[in-house]
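> Single-letter residue listing:
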Amino acid sequence: MAKKPDLLPGTLDMLILKTLTRAPLHGYGIALSIKRLSDDVLTVEEGSLYPALQRLLLQGWVKAEWKMTDTNRRARFYTLTAAGRKQLGIELSQFEQMIAAIGRVLQDAQEA
Amino acid sequence: MNAIHRCMMKLSILLGRKRFRSELDEEMAFHRDQAQKDLIAAGMTPEAAHYAAMRQFGNTTRLKEKSHEVVGFSFETVLQDLRFALRQLRKNPAFALAAILILALGIGASLSIFAFVDAALIKPLPYPNPTRLVDVTESLALFPRANLSYQDYLDWKRMNTVLNSFEVYTGTGYGLATPSGTEPVPGERVSAGFFGALGIAPMLGRDFQPADTVVGAAMLMGKLLFGVQAWDAQTLIAVALVLAASAMVASYIPARRAASVNPTEALRAE
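These protein sequences, in sequence, are chains A and B. Residues in the first sequence are numbered consecutively from -4, following the numbering used here. Residues in the second sequence are numbered consecutively from 45, following the numbering used here.
In short, the hints are calculated from the structure, not lab data. For glycine and all other residues, C-beta sits at the position ideal for the given N, C-alpha and C. Among the hints, erroneous ones may be present.
Said to hold, decoys possible - Straight-line Cα separation of at most 25 Å, PhoX-like style, residue types lysine-lysine; simulated pairs: (1) B:Lys54 with B:Lys108; (2) A:Lys13 with B:Lys62; (3) B:Lys54 with A:Lys58.
Claimed, not checked - According to the in silico footprint, chain A covers these stretches of chain B (three or more CB under 8 Å from chain A): (4) 50 to 63; (5) 68 to 76; (6) 99 to 107; (7) 113 to 127.
Next up, chain A with everything else stripped away, as it sits in the complex (with noise of 0.2 Å):
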C-alpha cells in the first residue's frame, strides 16, 4: 500500500474549522468530510484530530454538544463559533500568502 501524503504541517486547524463553516459535524464526519473533498488524498489520523479538537475547543474556536445522529447515535458534534469564523478567516489568509510566495518561488527557479 502506496504512503499517503501526510498533511501540510499546521493546517489541520485550518481544515478544520472550514468544514464546520457548513454544518455542524461529529469527529468522524469531520475526517470523512475532508477526506472526501479532497478526493482521498488527504486523509486525517485519529491521532492528530481528537487533539485538534481539544486544542480548538480550548481556544473557544469550536463549541461541542451531545446529540443524536440519523441512525440514533449520541455522538459529539462540535459548531464553529464567531471566534472560530476569524480564526479561520485569518488562517486562510496567512495560507493564501505562503502559497502565493511558494509559486514566486517556484516560477523563479522554472524560468532560470
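Dock chain B against the given chain A, drawing on the hints supplied.
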C-alpha cells in the same frame, strides 16, 4: 479567546476529569463504529472490518494521552511521574533503602570533601583584609617554622617598618571553672593588638587593651556557632528547606527531560 478563558476551561476539565475521559471514550468508540460500518458497506466481512477499523484508529491509549496533554496542565505529568516513582520505591523497599543509603553516603562524602576544600583552598580567611595578612616566623634549616622568643618578638616589633601592626600568638591550655568543676580547655595566648590586627572585634565584652599585656590579665572565649542552640527551629527549617529544594530540582530536571520523549518516536528511530 484569552489565557484566562483557557485556564478556566482547563480547570473545569481537571475537576471533571472522569467526565472528560468517558466523553472521549464514547467519542472514539463512535468513530470506530462508524468506520467499521462504512467498511462493511464497502463489502468487508464484519470481522475484517472490525480489525481494519481498530488498525486504522491506532493506539487508543496513546491517542487519549495526546488529547489529555492538550487540555492538561503541564504540572500534572510531573505529579504522575512523582506518583509513579513513589509506587516503584514502595514496591521494592530493599532497593529503595539501598538507593537512599548510597545517595546519602555519596552526598555526604562529596559534601564533607567539598567543605574541607572550600575552607582550606577556596574561601579567603574570614577577616576584612585577608590578602594583607602575613605569617612571619623564625626559620632554621632543620625547623622551617621555628618558635620565636618573646624578646625577639619585641625587637622585631620595634624595628618593623613594613607592617601596620605586628602581633604574636602561641597555643596553650587553661582550666575553665564551670559549675561541675574545672575543665581543661585549649586556648591561645595572644598579644593585646592581635584581634585589632586581624580586623575583628569580640561579639560580647571588650577587646584586649595595651594594659592587658600581662600573662592572664584578660581572657576571651570563642564559641562555634555563637548563639545557635542544638534545636534552633529557624536553622533546622532553613536547612531542611534548602535540602528539599535542591533534591526537587535535581529530580525534576532529568524527569522532565525523560518525560518529553515520545515513546513511539523513540522506538521508530531505532
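> Does each hint hold? Answer for all of them.
Now for the hints, and whether the structure bears them out:
no.: 1; hint: B:Lys54 with B:Lys108; in the structure: holds (16 Å)
no.: 2; hint: A:Lys13 with B:Lys62; in the structure: violated (31 Å)
no.: 3; hint: B:Lys54 with A:Lys58; in the structure: holds (15 Å)
no.: 4; hint: 50 to 63; in the structure: holds (count 3)
no.: 5; hint: 68 to 76; in the structure: holds (count 6)
no.: 6; hint: 99 to 107; in the structure: holds (count 6)
no.: 7; hint: 113 to 127; in the structure: holds (count 3)
Taken one by one, the earlier hints fail for this structure only at number 2.
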